[in-house]
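For the sequence shown, counting from 1, position 237 maps to 237 in this note's numbering; every step adds exactly one.
Hints in this document: simulated from the structure, not taken from any laboratory.
Every value quoted in this text rests on a predicted model; they were computed, and no experiment measured them.
A virtual CB, placed ideally from N, CA and C, is assigned to each residue, including glycine.
The reader is advised that the hints may include incorrect statements.
[What the hints assert, rightly or not] Simulated DEER-style distance windows between Cβ atoms:
1) Glu215 x Lys169: 50 to 58 Å
2) Gly257 x Ser392: 52 to 60 Å
3) Ala436 x Thr5: 51 to 59 Å
4) Glu43 x Glu413: 14 to 22 Å
5) Lys385 x Ala436: 43 to 51 Å
6) Glu215 x Trp30: 36 to 44 Å
7) Lys385 x Arg70: 23 to 31 Å
8) Ala77 x Glu97: 22 to 30 Å
9) Arg418 x Ala139: 22 to 30 Å
10) Ser352 x Ala186: 45 to 53 Å
11) Leu341 x Leu34: 31 to 39 Å
12) Asn335 x Lys254: 28 to 36 Å
[What the hints assert, rightly or not] Lysine to aspartate or glutamate pairs mimicking DMTMM-like chemistry, simulated, CA-CA at most 25 Å apart:
13) Lys169 x Asp204
14) Lys286 x Asp204
15) Lys98 x Glu356
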Amino acid sequence: MSLKTRLRLLLWRVEDDLRYSRRLRAALAWLHWLRGRLARGSEKQARHFSKALSLAETPRSAVFIAEDFRHSLATVAGPVWRRIVASNPRYTPLIQEKPLLTRSVILKAPGPAGEKGALLNYFEYNLARVLALSEVDLAWLDSRYHLIFVASWSPTDYALLASALRCLKSPLFIQCANEAEREKLAALHPRLICLPGLACDWVDPVFYQPKPNSERSIDILMVANWGAFKRHWEFFAALTRLPAHLRVVLVGQKEGGRDKDFIARLAREIGVPQQLQLLESLPIEKVTELECDARVSVILSRREGGCVAAVESLFAGCALAMRAGAHIGSSAHINAQTGALLRPGRIAEDLSALLENCGALGPRDWACANIRNDLTLSRINTVLKSQAAAVSQPWTTDLAVPRWRPHPALAHEAERERLRPAYAELHQRLPGLVSADLMDQSHR
1 MSLKTRLRLL LWRVEDDLRY SRRLRAALAW LHWLRGRLAR GSEKQARHFS KALSLAETPR
61 SAVFIAEDFR HSLATVAGPV WRRIVASNPR YTPLIQEKPL LTRSVILKAP GPAGEKGALL
121 NYFEYNLARV LALSEVDLAW LDSRYHLIFV ASWSPTDYAL LASALRCLKS PLFIQCANEA
181 EREKLAALHP RLICLPGLAC DWVDPVFYQP KPNSERSIDI LMVANWGAFK RHWEFFAALT
241 RLPAHLRVVL VGQKEGGRDK DFIARLAREI GVPQQLQLLE SLPIEKVTEL ECDARVSVIL
301 SRREGGCVAA VESLFAGCAL AMRAGAHIGS SAHINAQTGA LLRPGRIAED LSALLENCGA
361 LGPRDWACAN IRNDLTLSRI NTVLKSQAAA VSQPWTTDLA VPRWRPHPAL AHEAERERLR
421 PAYAELHQRL PGLVSADLMD QSHR
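With these hints in hand, go ahead and build the complete structure from the sequences.
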């Protein structure tokens with residue numbers, strides 16, 4: 001490894017430690033809280049308190065900052081919160097140029113006597129699209145449907161949640177991306193109802209036909225886009241301390257200006273001894289095939305959302321390896337049956353041990369018993385049914401079962417046909433939000 005590459009790695013480690021420093025996040029949380037306290041004008045206060053709460057990750061800071069956030073939630077008008085959301089650069093181009101919902105599924109059609117349907121919106125930008133409706137259209141949707149929001153990241157967007165709570169009369173149901181955020185969300189507002197399970201828990205095991213461990217040809221598989229936050233450099237540094245004969249496969253897609261060629265150059269510069277196989281933009285069927293042929297699946301991000309690739313690996317029978325201390329929802333699924341948490345500084349050592357012992361684990365059995373898509377749906381159905389009973393609303397039809405592959409869709413053809421009229425009604429009533437082919441093209 002050249003001196004230049006060693007210096008690059010050192011710089012990346014320093015930047016990495018600063019970017020993911022919990023102490024720095026805590027300091028920034030208190031800084032935004034202080035700026036909110038000193039700000040003139042309720043909109044500026046609301047912006048700072050929202051940011052402060054998203055950064056607050058210790059129970060003490062979250063409880064303290066939430067008090068001021070809730071005050072803003074109660075006193076800042078709905079149109080102001082809508083303006084805060086609409087001005088977010090993450091949402092502005094989507095709301096203005098691509099307002100149609102994606103990654104959204106109707107789980108239940110509205111029924112007679114005021115029985116509500118259920119609309120599942122994956123990811124913050126789709127909830128932002130819903131909240132950009134006119135007041136009349138949003139009130140109509142709120143009266144007809146339970147809105148279920150599945151967060152894509154942790155922390156989620158607290159200004160977005162505030163906007164929803166101010167603009168909706170009904171509860172907003174949220175499925176968080178990380179268990180560490182559940183307590184903070186649950187305490188935020190009586191009409192924000194946290195659902196069981198995690199945003200990554202929607203994989204259907206029917207698509208996975210795992211090979212016996214002894215017949216698998218891939219030693220280590222990494223399914224991760226080529227973005228910097230996936231931290232390929234740390235994986236490659238660990239590979240320099242592992243045997244050269246290992247078969248290592250990486251599956252990714254372009255992200256942040258990086259492509260397969262960039263990753264290949266990085267591996268060469270670091271001096272990876274294995275002959276890596278780099279695959280880009282594969283169809284989900286091929287990714288599944290690789291997962292079912294791999295002994296160990298590796299994720300080395302330090303912060304993201306639920307990370308569906310990790311859950312897919314479990315159903316494929318892969319032992320799952322993730323970085324210890326990472327703020328990733330699916331890390332909650334690592335246990336003695338499913339894989340191992342890799343200690344920083346000892347990643348190669350821990351990967352070697354997992355490769356040695358992975359045949360004795362049972363990741364698929366554990367996943368099928370605990371986080372199947374239909375189990376996740378059943379638990380959510382129980383919550384919504386109880387909520388309907390609590391407010392004397394009828395509940396005569398249960399939710400349809402969705403699954404993620406690699407976007408949300410209804411799992412059963414009979415339920416798709418039953419819900420087509422509901423999709424048609426939403427398109428007719430809200431053509432600027434719901435496309436005519438949302439059921440079949442929700443991945444756009």
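- Item | List of violated hint numbers, smallest to largest | Numbers 4, 5, 6, 10, 13 and 15, in rising order.
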